Every structure is written in C-alpha cells, then in structure tokens.
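K.L.:
As they're listed, the protein sequences go chains C, G, V, A, Z and X.
Its first residue numbered 9, the first sequence is counted upward by one per residue in our numbering.
Its first residue numbered 9, the second sequence is counted upward by one per residue in our numbering.
Its first residue numbered 9, the third sequence is counted upward by one per residue in our numbering.
Its first residue numbered 9, the fourth sequence is counted upward by one per residue in our numbering.
Its first residue numbered 9, the fifth sequence is counted upward by one per residue in our numbering.
Its first residue numbered 9, the sixth sequence is counted upward by one per residue in our numbering.
No lab work stands behind these hints: they were computed from the structure.
Bear in mind the structure is a predicted one, so any value in this text is a computation, not a measurement.
A portion of the hints provided could be inaccurate.
To be verified - Below are the DSS-like pairs computed for lysine-lysine, each with C-alpha atoms no more than 27 angstroms apart in a straight line:
1. Lys90(Z) x Lys90(A)
2. Lys90(G) x Lys163(A)
3. Lys204(X) x Lys90(Z)
4. Lys90(C) x Lys204(V)
5. Lys163(Z) x Lys90(X)
6. Lys163(C) x Lys163(V)
7. Lys90(X) x Lys90(V)
8. Lys163(G) x Lys163(A)
9. Lys204(Z) x Lys163(Z)
10. Lys163(A) x Lys204(G)
As the list claims (entries may be wrong) - Facing chain X, a subset of chain Z residues (Cβ under 8 angstroms, in silico):
11. Ala124
12. Arg217
13. Thr276
Claimed, not checked - Cβ pair distances, simulated, as ranges:
14. Thr276(G) x Gln132(C): 57 to 63 angstroms
15. Ser30(A) x Ala143(Z): 43 to 49 angstroms
16. Glu29(V) x Trp31(A): 37 to 43 angstroms
17. Asp13(X) x Pro171(C): 48 to 54 angstroms
18. Ala246(X) x Arg259(V): 21 to 27 angstroms
19. Val56(X) x Arg167(Z): 31 to 37 angstroms
20. Ala26(V) x Arg21(Z): 40 to 46 angstroms
21. Gly66(A) x Ala206(G): 37 to 43 angstroms
22. Asp44(X) x Gly187(C): 36 to 42 angstroms
23. Ala64(X) x Gly228(Z): 20 to 26 angstroms
24. Thr276(A) x Ala206(G): 51 to 57 angstroms
25. Ala246(X) x Ser258(V): 56 to 62 angstroms
26. Gly207(Z) x Ala26(G): 37 to 43 angstroms
All C-beta atoms, glycine included, are put in the ideal place defined by N, C-alpha and C.
Protein chains: 6
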Amino acid sequence: MASLDDVVAALERLYPPALAESWDAVGLVCGDPDADVGRVLFAVDPVVTVVDEALAWGAGLVLTHHPLFLRPVHGVPATTPKGRLVHRLITGGCGLYVAHTNADRAAPGVNDALAAALGLERTQPLVPADAADPAVGLGRVGALATPEPLAEFVKRVVRGLPPTAAGVRAMGDPDTVVGTVAVCGGAGDSLLDTVKAAGVDAYVTADLRHHPSSEAGESGGPALVDVAHWASEWPWLADAAARLAAELSSRGSTVETRVSSTPTDPWTMHESS
Amino acid sequence: MASLDDVVAALERLYPPALAESWDAVGLVCGDPDADVGRVLFAVDPVVTVVDEALAWGAGLVLTHHPLFLRPVHGVPATTPKGRLVHRLITGGCGLYVAHTNADRAAPGVNDALAAALGLERTQPLVPADAADPAVGLGRVGALATPEPLAEFVKRVVRGLPPTAAGVRAMGDPDTVVGTVAVCGGAGDSLLDTVKAAGVDAYVTADLRHHPSSEAGESGGPALVDVAHWASEWPWLADAAARLAAELSSRGSTVETRVSSTPTDPWTMHESS
Amino acid sequence: MASLDDVVAALERLYPPALAESWDAVGLVCGDPDADVGRVLFAVDPVVTVVDEALAWGAGLVLTHHPLFLRPVHGVPATTPKGRLVHRLITGGCGLYVAHTNADRAAPGVNDALAAALGLERTQPLVPADAADPAVGLGRVGALATPEPLAEFVKRVVRGLPPTAAGVRAMGDPDTVVGTVAVCGGAGDSLLDTVKAAGVDAYVTADLRHHPSSEAGESGGPALVDVAHWASEWPWLADAAARLAAELSSRGSTVETRVSSTPTDPWTMHESS
Amino acid sequence: MASLDDVVAALERLYPPALAESWDAVGLVCGDPDADVGRVLFAVDPVVTVVDEALAWGAGLVLTHHPLFLRPVHGVPATTPKGRLVHRLITGGCGLYVAHTNADRAAPGVNDALAAALGLERTQPLVPADAADPAVGLGRVGALATPEPLAEFVKRVVRGLPPTAAGVRAMGDPDTVVGTVAVCGGAGDSLLDTVKAAGVDAYVTADLRHHPSSEAGESGGPALVDVAHWASEWPWLADAAARLAAELSSRGSTVETRVSSTPTDPWTMHESS
Amino acid sequence: MASLDDVVAALERLYPPALAESWDAVGLVCGDPDADVGRVLFAVDPVVTVVDEALAWGAGLVLTHHPLFLRPVHGVPATTPKGRLVHRLITGGCGLYVAHTNADRAAPGVNDALAAALGLERTQPLVPADAADPAVGLGRVGALATPEPLAEFVKRVVRGLPPTAAGVRAMGDPDTVVGTVAVCGGAGDSLLDTVKAAGVDAYVTADLRHHPSSEAGESGGPALVDVAHWASEWPWLADAAARLAAELSSRGSTVETRVSSTPTDPWTMHESS
Amino acid sequence: MASLDDVVAALERLYPPALAESWDAVGLVCGDPDADVGRVLFAVDPVVTVVDEALAWGAGLVLTHHPLFLRPVHGVPATTPKGRLVHRLITGGCGLYVAHTNADRAAPGVNDALAAALGLERTQPLVPADAADPAVGLGRVGALATPEPLAEFVKRVVRGLPPTAAGVRAMGDPDTVVGTVAVCGGAGDSLLDTVKAAGVDAYVTADLRHHPSSEAGESGGPALVDVAHWASEWPWLADAAARLAAELSSRGSTVETRVSSTPTDPWTMHESS
C-alpha cells in the first residue's frame, strides 16, 4: 500500500515529465493524492474496457501511455465518453496517470522495450535528448546479433510483438539483408528523414501512411516495417510495472501491478486480398 | 425531482449557449445526465465555500456565473484546488453548470437584473446581439424615473446592491444630473467607448482600472460608478432561480432552488484614507 | 493525336481545377502545350516505375492523381529523385498532369469510382461542395442493395478493389449489419466526425491511424474499413481514361489511353501475427 | 537653468530607457532639446489639470510616470484631447518626458519609494532584471521591523500613502500576521503567481480585479492589499525630483522642481455599503 | 478666412478618408480646429523646404500628399527631424493635413490629374473601388486621341510633367504603337499584373525596380514608362487647390491657395552613361 | 571538360550556399550532375536572351546572379515563360545555377567587384556576416585614394560601370566632398540606416525609391548615387568567371567561360526633361 502521492513521485522519477514534448499532456488526470493505492493497472489506452478491468480488479490507479485529454477541456461532464470515464474513475476511487512522450524518451522506456522485443543489441537513441545522459532520447537504433534477410526479419517482428488482427506489413526487397535497425514505438513518420540519415537497413514503427512511405522508398530509404501502434508500445507495460514495483519497494511500499489483458488495438478484423 | 439532463435542457432554453462569447466556457462542467436533481444552488463563483454549502444542503446541481475552467485543462487531479472541487462534487453526486456571457446577453439575464436593482426603466441592450430579438445583447441602457444628482445616484446604487466591504466608488461631479444610465455586470471596461457613444449620464460596472477610467474622464465620458464585481452579478441569481423553477414546473418537474448565502467578493476589509 | 494544350483543356473540363483544395497543387507539372500527344498513361503516383512505363510505351502525357511537388520547389535539378523524373519526362517528350482533390470532388470522380467498385447505390457527396451541382463534393454516401453483416461487407471490399499485399483491416462487430456506407478515397481521417454525423453503418477509407480510429470507436462511430491508399483510388483511373478519350473524340481528336500496370502501393510484404 | 537636452540626459542616467518593457513608450514626448529649462514639474499622469499647473507655474518640463501615447499615433491634431495637450505644451514652451516601466525597475525607483512609504526593510526586487545590479527589477520584497496583524498592516498602508476617496481594501484574515511583504506600484496582477512563489505574507498593489484576486485566495496565496493606482506611484515623485536636482547640481546646473499638487486618481467619490 | 475645422470638412468632402487604404495615415497631423486659416499651401512632401515656404508665406495650413507619420509615433520631440517640423508648425500657427491614398482613389483626384497631363481621354479606374461611383478607384486607364510610337509617347510624358533631374526612362520597342495607356501616380509596381490583364499598350508610373520590371517584360507585358515619383503626383496639386477654393467659396469662405514652388524630388543630379 | 557535379562543387567552394539569406533560392535549378560541361556562361538575369546565347554557344551551364524561381513553384510547364526556359535548357543539355545573396556576401564577391570598379580602397563589409572571416558580409565600405566633389564622383561611377540607357542619378550637394563610400550591389534601400550610422560620404546602390531616399536626405544621411541594378552587379561576372576557371584548373579540369554580351537592364530608353 502506498499513497497516490508516493506512487506519482515514483513514476516521475522513472519517467521525468520534463522529457515530454511541449505539446504533450502527461501526469495525473484524476485521483486524490492522499488516497491509498494497493493495485496499479498498466495499459496503452484509457478506454472503456481498460476502466472496466481496473474497477473490477479494485485498482487504485491506472497508468496509460496515451493521454485521455491531449486536447484540453473546459469540463468533464458525463455527457461525453471521456467525461464518463472520469466520473467512473473518481467515484470508483481510482486515479489515472499518463506517461507518454516522457516514457518514449526515458531510458529504459518504451523504445528500449520495443528494441529488446526485436532482439536488438547495442542500442542508442535515434534522436538524443539529454547531453548528460546519452541513453535518453526518441527512438532507438541497434543491431541484430546476426544479419538476416528482410523476409526473415519481418517474421522476427511478428514473433516479438503481441498478435494483432492485421499483422505486420513491410516495404522493401524480401532478400535485402537487415543488420541495423531503427525503432520508434507509436506513429513514427516524422522521423523518416532522421532514420534515412542514420543509414540503417530497416525501420520498425506504426501508423505509416502512403505518402511519406512512398517518398521514403523513392528516395532510397531503408526497408519499412509497419506494425500495430498498440503492439509497438505494449512491450513497455510489463517493464514499467516491474520498475514501479521495485522503485516503491526500495522505499518500503508494496503495490500489486498488472498489465491489462485487454488489447486496445482498434483493428479487430483482417481479410487478405 | 428532475433528471440533470432535463435541468440542463431548461437552463439552455433560458440561457442559450450560442449567446456566449467565442472565448467563453459555458455549460456542464461535471455531473451525470441521468442523475436525479432535487435541489439547485445558485452562486456567482465556483469556490470552496459554495461547494461546502451545496454538499451540506444536498444539492444535485450548482449553477455558477463564472466558469471553473475558463482556461482549459488536461486533467482534474485533486492535487489542484479546482481539481479537488471536481472530485468533491462528483463523489458528492452534485453537478456544476456555468452560464456566463450567455446569461449576460440573454433577456432577461444578468444585466436586466442589475438594471432593475437600480430602478432603471425602458431598458435596451447597450450592444444588441440578435437582430431577431432586440432585447438580447451586452449591457443595458435605461433611464431613471426622475433624474437626480450623481451624489444621490451613488447612494441608490449602494441601496440596490448587496453590501460589500469596499463599498462603491465614483468619478464625476457630485452635482451633475444623472438621468440616463448604462450598466454592465462584471468587468465592463471594454465597453467604455460604446458607453460614451451612447451619450448616457452615468455608467455602472465593476473592475474598472486607472488607465481606462482616467482616459474616459479626460475625453469627456460619462460619470463612472465602480461596484464590486460580485455585487453587480448577484441580483441575477434570484431571478435565474425563479425562472428555472418555473421552466421545469411548466414541464411537470419540481426542483428546490436556493441562492447561495455566501458572498464571494474577495475583498473583505476596507479602510478609509 | 491531339496537342497537349487540347488534352489539358479536356481534362480541366472533366476535373475543374477550381474544385481543388486551396493547399493542393494540381495541373500541368511539365510538358509543352504545342506538343502532339498520341498516348496518355493513367497512374496513381508519379514514381520511377510509372515514368519507366510511360517512356517505354511512348506516352506523350502521364496523368497522376498525386502531385509530384505538393511542397513547392525552387528548381528541378536532377540531383533529386523528383527533379530526375522531370528531366527524364522533358527529354523524353512526355508531359505530367495532376488531378488530385479536384478529381476527388468532381462528379463523376475518384469517389464515384470507389463507391461503384463497392456496389453502392443512390450515392451523394458526404461534404457537398457546389450549391449548383449537388453531385459534386468530398466523399460519397450510399447504400447497399441488400444490407449484409460487416464480415461479409469486408469481403465485398476485398473483391471490389485491386489486390494488395496487406489486404483490408476493419474495426467493429463482425455481425453488425451494414446497409449505408460512406467512402473517401485516400486518407480520410479528417472526415471521421462528418461520417459519424451522417449516421452510416460503415466508413471505407485509407491511412487511418490509431488515435482517430480508437476515438471514433469509443464515441460510438460507425464500423471502419481501412484499405490501401493506392487501391482506394485505382478504380478511378479506368473511368478517367474512358472519359478523356470520349471528351477528345467528341471534338474530333483520338488519343490512346492506358491504365498503368504497375501497382504503386508501397507495402509489398505482409505477415499475419 | 539647464538645456532640455541636459535634463533629459540626467533623467536617462537615473532611469535608463533600456530598463523599460518592450511594449512601453518612454522618453521625450515633446519639447525642443535646445530650450532652457528652469522649472520641472513631477506628476503621475499627463492630464489637463497637470498641464494647467505646469503652464501656470512656468515649467519648462513636465515629467510624468504614465505615457501620453502608449498606443502610437499618426498625428497630434488639437481635435483630440491628447493632441490639444501637445499643442498647449509646445506653444507654452514646455516639454513632456515619460519615465514609466524604466522607473519601475530602476533602483532607486518607483517601487523603492513605495516600499519605503510602508516601512519595509531589507528590500530586494521581486523580479530581478539585471544580473550586474541585484537591486534593479520589478516590484520589491521586504520585511517589517516588527510583524503585525493584517488589520494593523492595512492601517499602516493607509498612513503611508496619500489619501484617496476610495481608501484601501484588503483580502485575508484580519488576524493573520504580516511580516514579509511584496509591493508593486501600479497594476500588479500579472505578478500574483510570482508573489505566491515568493512566500510573502501580504502583497500591496493596485487595480486588482475579481478573477485573479479570487483565484489567488482559493489557491492559498498571500493577503492582498489593493490601493489607488495613483497613490501607489505618488511617493516616487518627490524622490525623483530630489534626485534630478542633485544630478544636475553635480554638473553645475540648477533647476527648480515641484511635485504636482493635483491628485490624478480618477475616483473622487466613495460610499460605504 | 475660414476656420481650420471648415477647411478640413471641405477637404474630406473632396477626398473622403474612407477611400484610403487600411494601412494609410490620412487626415490632420497637427493644427487647432478653431484657428483661422487664410492661406493654404499645397505640396507633395512634408519636408523642411516646404515648411520653410509655408511659414514664410504665412500659411495657416499645409496640405501634402505624403504622410508625415506613416509609421505611428509615441511622441513628436524636436530631437527628430519630423518632430522638429511639428514644433515649427505648431508654434508658427500652421496646420498639416494629409490626403494620400484617398486622393489617389478619389475622382477627380491624383490619377485624373496625371491622366490629363498626358492627354488621355475616356479614362476610367484601373481598379474600381466603389460600386456606386464607377469613376472612383486606383490608377486610370485611357486612350490617346491619336496612337503614336512609344518613342513619341515618352516625349509626350516628358512634356506633360514638371522637369526633373533624372528625366524619364522606358522599357519597350521604340516603334511599338501606343494607343491605350494605364497610369498610377507614385509607386505602381503592385499593379503590374492588373495592368497586364487590362491589355494596355503602355503603363506610366514611378519607383519601378529591376525585378518586377524585368518579369513584366519577359511575360509579355506592356511598355513601361518610369517617371519621378514627385513629378507623377505634382499635377494634382493645382487641381486640388482650385477645388478647395471653390468648395469653400460655395459655402461663403475665401482662402488663398498656392502650389509649393519647391520640387521635392530627392534626385537633383543626373549623368548619362 | 568537367562534370556538372564538379562545376557545382567548385562554385559552392567559391560562393558557399550557407552565406545566402534564409529567404533566398540559390543552387542548381536544372541540370544533370553527370553531364559533361565544357562551356559556362555568366549573366545577371535568367531571361530569354541569355538562354538564347547559352544554347547558341553550346554552353553546358549558365550561372546567373538572380534566381529563376525565387517564389517556389509546383511545376515547370512550358505554358509559363519560366517553365519554357527550363524546357529549353533541359532539352538543350544546359544546366542553370544561381549564386545570389551568397555571392553578395562572399569575399571576393559581388560587392568587392563593385567597389573595385569605383576605385575604392581598404574595403570591408558594411554588415559583417562571419566572425571567423572579417572580409565576408553584405555591402562594402571603402575610401577613395583622393577625395573629390560629389559631381566628380558621379562621373567616376559612370565611367566604372557598363553604360545603361538611363544613366546615373544622385542626391546631394554637387560640391560636397566624397572621401568614404559605401556600396551595395542591387537593391540597397534596406541598408540606408546602416549606411548612415557608418558615417560615409556617399552610398552607391540601385533601385532606390522616393520615400526612403527622401527620408534619408531629411535626416542628414550621405549623398546617394542610384545606378541601374544590372550595372551594379555586372562587374562581378568577369571576376566569377576567372575564379571558376582557376578553381577547376587547380583540380585538373578545364572549362571555357564567357560573360554574356547581352545587357539585361530592362530600361532601354531615356529622355531628359
């Protein structure tokens, strides 16, 4: 058992809010700092199924990667889907905490977990963010222990991430050899130029769209591997849960943690063509 | 008893949100549309003492004139004073509804109540806002039944509004005769030029500062009467309470209403010099 | 044989540039108005493989849906991939013409071809754009002759569009009945609110990302069917080719047309997970 | 007797224009640098009564704290009140000089005079502005020789400043003990957060309005003491007059100085309620 | 003799301020509305030599085409050249009035006088500005009674305007026949596209620079004739003087008018190369 | 013979693109980096007559000072005059390279050539641009070996530059002695304040317009000498041609260079008045 205040303090040591982008909305969304927290649920998205699970389990806090209110609001009335979640959480005695781009940049963070899931070694940030700590920054670049053809590498990505309805798609010659890899959990199209400049063989990210992908191919960029946004960030949840428990334990508190069992990838059907 | 949804619908018929300024934040701040509302408390400000009163009385809704979150937020954690109010309201089963610049413009609305408190007759908007309804708009202009010296008029203002620690201050020749008057509940400095163009003898509003007041005097504007912001909007509360009760009653619902007994003028001390 | 000038004039009657978005870049990219054009190639993207095909076939004009220079340039040196395409086209005597958001809005246009490929009937624009011609506008809304479960509808989409490596993915209950459908060729996430307000059962578009899709689902929007961007616009090419040939023929000119045989979807590999 | 040029040079040594805010309008408004100046009048506001006094007394320069043209102009025709003042000053051979936010920040300056009038000791800037001179900056923070209840402190403020019609108003518990105090001459609401962070017991300033004052109280800020804008800046006039005379005297010139006997607080009436 | 107020009213009937561009600064710059005005001097520029002439002649008002303070100011100290002019005018009892882009657009106005000086007939505005009065607008388009070669037309321009040191320069084939002509007094480069669309044979204006002139020539625009800015606006002065005298006379007042004898073209030397 | 790539590399060593203004458009406009270049033509403007000369001479590259597409474009169709030039250059196997504000700032560059043409000595930049290289920057300031009257100096300017139809015009007292001079090739009005602060006797530049020139004169600035824009930049062409040849020669390549024999000053006629 720990106070919500203590849990928040532990999370901010692990994922300093100062690492977040200026446009981001991280930190506590609801919850009373004096409340006792015995159970913490970890999930990618603050959606209905996740709140259902949290309240059923008796969680005192939900940590999600994605913000509930990235666009700020003038109120939280239960007439809107998001406001209704806030009402359910507050009356259920459960707080909501967001660690988003700060967790993306932190080391270890979202991108370290993704790189590890793919078996990358000797990783470092794609975009370093902290002169004092070279491990901190956006994305990761690393190498496979043994280079392999792109066709094999795509199968490795499939094995490393949780299954999703739509699977994994890729751009490039199946026989091209992949030795070095860049990863960026979530939507990574804004880093395509940086990735090309880094000279890696492949880039694993999510939410890639036609135009930037096509332009990257025309201009001689690396192979692209596009996975489900949810799947790319999911490996981090277990890591964060373990680190929070350890961080609190080192200060004499014990909380129970759980990674949500609910996939929140919106795509639930797929048909080959 | 009425559902919160029905109460909100009645309030939006009385004070249409479309009348609000584009920068304003009106409507439901928290509350469940399906909740039953038996008691509605009316107050100028959404502050701690008002929430105390609402919860102690068992209110199902507080209506305030001022927004809680004029500047939008990414969350409502109880680590902030405003977030704590939201937690108390939600766990106490009490909603919060804001009618701000829409109530200022509505007819009858905030400025009609202020004009009536001063005994003004034949009132019309200072800044008409609706070609289809000439009674709607910002501020009001009207006339006294019998013109009187400014010194007398200031006493009339004191008698017409609730007492406040700092009283009422005025600019102008005490002997100048006041026959026509403009009023604007709340901070009315942005209307000084409009008031001058309207050619009235005096302007009653709140939160006037040195520079616009001094410039208005130098350029031959009307006498100015500056009252407490809270006091200028308070007369509307009883009017709104009666209209809401009648509106709901006409549709077969009954709610109990009360005007908050807590003055929320921040100025609680005054010393003459 | 027709002059390039005559071909351009015919295209602008079919797809008036005034229908394009203000940020778009439609019209002639290169080519001499006095050149004779005997063959016109139609493709979705102005990429290397398409230019290869055009020059090999002896085309005098390539019409693409996507702009080559959406972001304007200060020059077209062959030191860049796009500048090299311009050099090859000019020295090869082949022009390049873009019909983008004007073809999206035109009737018949990109979205009519997509709606027809899915068997939609009684279509009208999702966002009408021309008071004088109710058929013109962005997206289309229509109905299936016989409503069918979402699982069947997804198969219909697969059958109606050209095959792609990554196939088709969808969000929603497979058993929900789909009777009315909205479509938007290309990236359609900016229309999600409009689609929800239209009250259709399903929305077919491309390039949908995690956040808008997840929010649409949480707020009770329609089923979503996400296809390859290229595939959603491909049905229009044959239609445009036929209409251009007819338009020129009606004025006494004959040109040979061909739809490019090169798929330009960047995604060439897929692996289920 | 000194040339206007010499007087201006002396004033700019005392109140360097570089200390002014970027939006401010300080310096010479009218006057001929070659004119002889024998008498300098000091006032808060450049208004009719002050110009009357200057011309009647034969002043060669008026120094005011407030700018005449904060909003810049395309001309100074006597068809406007301010243009008429310029015509009267120029034909009367009298210049006008403004020292505004530069005098607020200077040390000694407006805020030092205000702090001294209240008996504050060990003062330093609330917002330091010059790394090289720690005495320079906006506002002042200091301490009373002996802490006293807020009710007593308000009386101290009344005694320390010139009398005004509306007196002094305050927010806070009358019994709270005031030991440390922040001051800001003129309208000081933009510094409320800074003052709260400074942890003082009370803040003395002017032109405070309902919303920032109410929010400051709700969030646990210090006691607030709101005085007339004019009164808060008046103590500086005598100080500036003495310093200018000394500065010129040290260079061998003598000018006669006078603090205007005309209060320019617009509020001339007050009624308790 | 007339009051300055009456003279201003007459000028605003002739050159309505509402016709001025939004960025312009027209109207009274200094002067007392109650002053008696016996003499009015007309000039293109508010410069030292013009003020010398006005004061020597005993003018009560100077009307100039160009603003003194196009960029607005926070004061008019005599430490700046423009402020010194204001001091001299005010102490000399002489007002300054500006009629700039309103006189350019008015009919009759600056451009009618320029067109007449060149012998143009059947003139109408190049850019109409007033649906109710088709004679009002920017620039003029007209025709010569008899078309003539450009070489002759340039000589006609020289004869029609006052002499200047640098003379007149032109772009085009000397033998091209000029029948229709556009004119714009002052700097007319922003109208080059409009002039080209109007299909005239020649365009007479001032302050043309290399790039727009070169581009106009490359794109097949009309012949260009570039004159001194001052010379292009000078013909209007006599016209305005006569119209003001008549306007006042029709209301029973008499003022003496004079066109300044001082050329204010800055270019006083020229050397052929 | 050299590859276009090698010629471009040599030009970028002489005129580093990093020296250009942020709004400028320098570098290669068209051309294939692998093409062989035997002849390079140097001209001020990329206009029809220059392209005629380049193709007739068999140039592999044209270097111009002025950009072809300062405003960026979405295409280069031959339906526009500039697009037609691009088509002619590409089909003629001739590249186009622009060195604009980088050549203005470079040392030696455009302004060094202009200063040398006027016989200035001990030159340095008017606006230094590179702390590491004090010779680099905008404009140049220098001195005549022997001061001379302005009337003589104007004749010197005429002699030093290529003849133009409209000659040279000047502002100032013909007898004023000119010892120090600032120069800025092309349109130099934005540097008038800098020139005044530099305290030189005369300023030679181009494209000066009425208002800045008149204001400069009224405020006591230097004498102004206004030449044809083209003429002010022409002296640089021979210098650049020699330096490019030497730069390539030092790496073992030989190209033939030529300064265009076509004046591109748009003003071809002049008439004294």
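K.L.:
Does each hint fit the structure? Answer for all of them.
P.N.:
Each hint tested on the structure:
1. Lys90(Z) x Lys90(A): The hint holds at about 19 angstroms.
2. Lys90(G) x Lys163(A): violated, 33 angstroms
3. Lys204(X) x Lys90(Z): Holds: Lys204(X) and Lys90(Z) sit about 17 angstroms apart, inside 27 angstroms.
4. Lys90(C) x Lys204(V): holds, 17 angstroms
5. Lys163(Z) x Lys90(X): Not satisfied, since the Cα-Cα distance of roughly 33 angstroms exceeds 27 angstroms.
6. Lys163(C) x Lys163(V): Answer holds: Lys163(C) to Lys163(V) is near 26 angstroms, not above 27 angstroms.
7. Lys90(X) x Lys90(V): With a Cα-Cα distance of about 19 angstroms, the restraint between Lys90(X) and Lys90(V) holds, given a limit of 27 angstroms.
8. Lys163(G) x Lys163(A): Judged against 27 angstroms, a Cα distance of about 26 angstroms means the pair holds.
9. Lys204(Z) x Lys163(Z): holds, 23 angstroms
10. Lys163(A) x Lys204(G): Between Lys163(A) and Lys204(G) the Cα gap is close to 37 angstroms, so the pair fails against 27 angstroms, i.e. violated.
11. Ala124: violated, 18 angstroms
12. Arg217: holds, 4 angstroms
13. Thr276: holds, 6 angstroms
14. Thr276(G) x Gln132(C): 57 to 63 angstroms: At roughly 60 angstroms between Cβ atoms, Gln132(C) and Thr276(G) fall inside 57 to 63 angstroms, so the hint holds.
15. Ser30(A) x Ala143(Z): 43 to 49 angstroms: Holds: the Cβ-Cβ distance is about 46 angstroms, inside 43 to 49 angstroms.
16. Glu29(V) x Trp31(A): 37 to 43 angstroms: holds, 38 angstroms
17. Asp13(X) x Pro171(C): 48 to 54 angstroms: holds, 50 angstroms
18. Ala246(X) x Arg259(V): 21 to 27 angstroms: The hint (21 to 27 angstroms, Cβ to Cβ) is violated, given that Ala246(X) and Arg259(V) are roughly 54 angstroms apart.
19. Val56(X) x Arg167(Z): 31 to 37 angstroms: Cβ of Val56(X) to Cβ of Arg167(Z): about 34 angstroms, so the range 31 to 37 angstroms holds.
20. Ala26(V) x Arg21(Z): 40 to 46 angstroms: Once the Cβ atoms are compared, 43 angstroms apart, the range 40 to 46 angstroms for Arg21(Z) and Ala26(V) holds.
21. Gly66(A) x Ala206(G): 37 to 43 angstroms: holds, 41 angstroms
22. Asp44(X) x Gly187(C): 36 to 42 angstroms: Roughly 38 angstroms apart at Cβ, these two residues keep to the hinted range, so it holds.
23. Ala64(X) x Gly228(Z): 20 to 26 angstroms: holds, 22 angstroms
24. Thr276(A) x Ala206(G): 51 to 57 angstroms: violated, 23 angstroms
25. Ala246(X) x Ser258(V): 56 to 62 angstroms: holds, 59 angstroms
26. Gly207(Z) x Ala26(G): 37 to 43 angstroms: violated, 50 angstroms
The structure fails hints 2, 5, 10, 11, 18, 24 and 26 (numbered hints given earlier, in ascending order).
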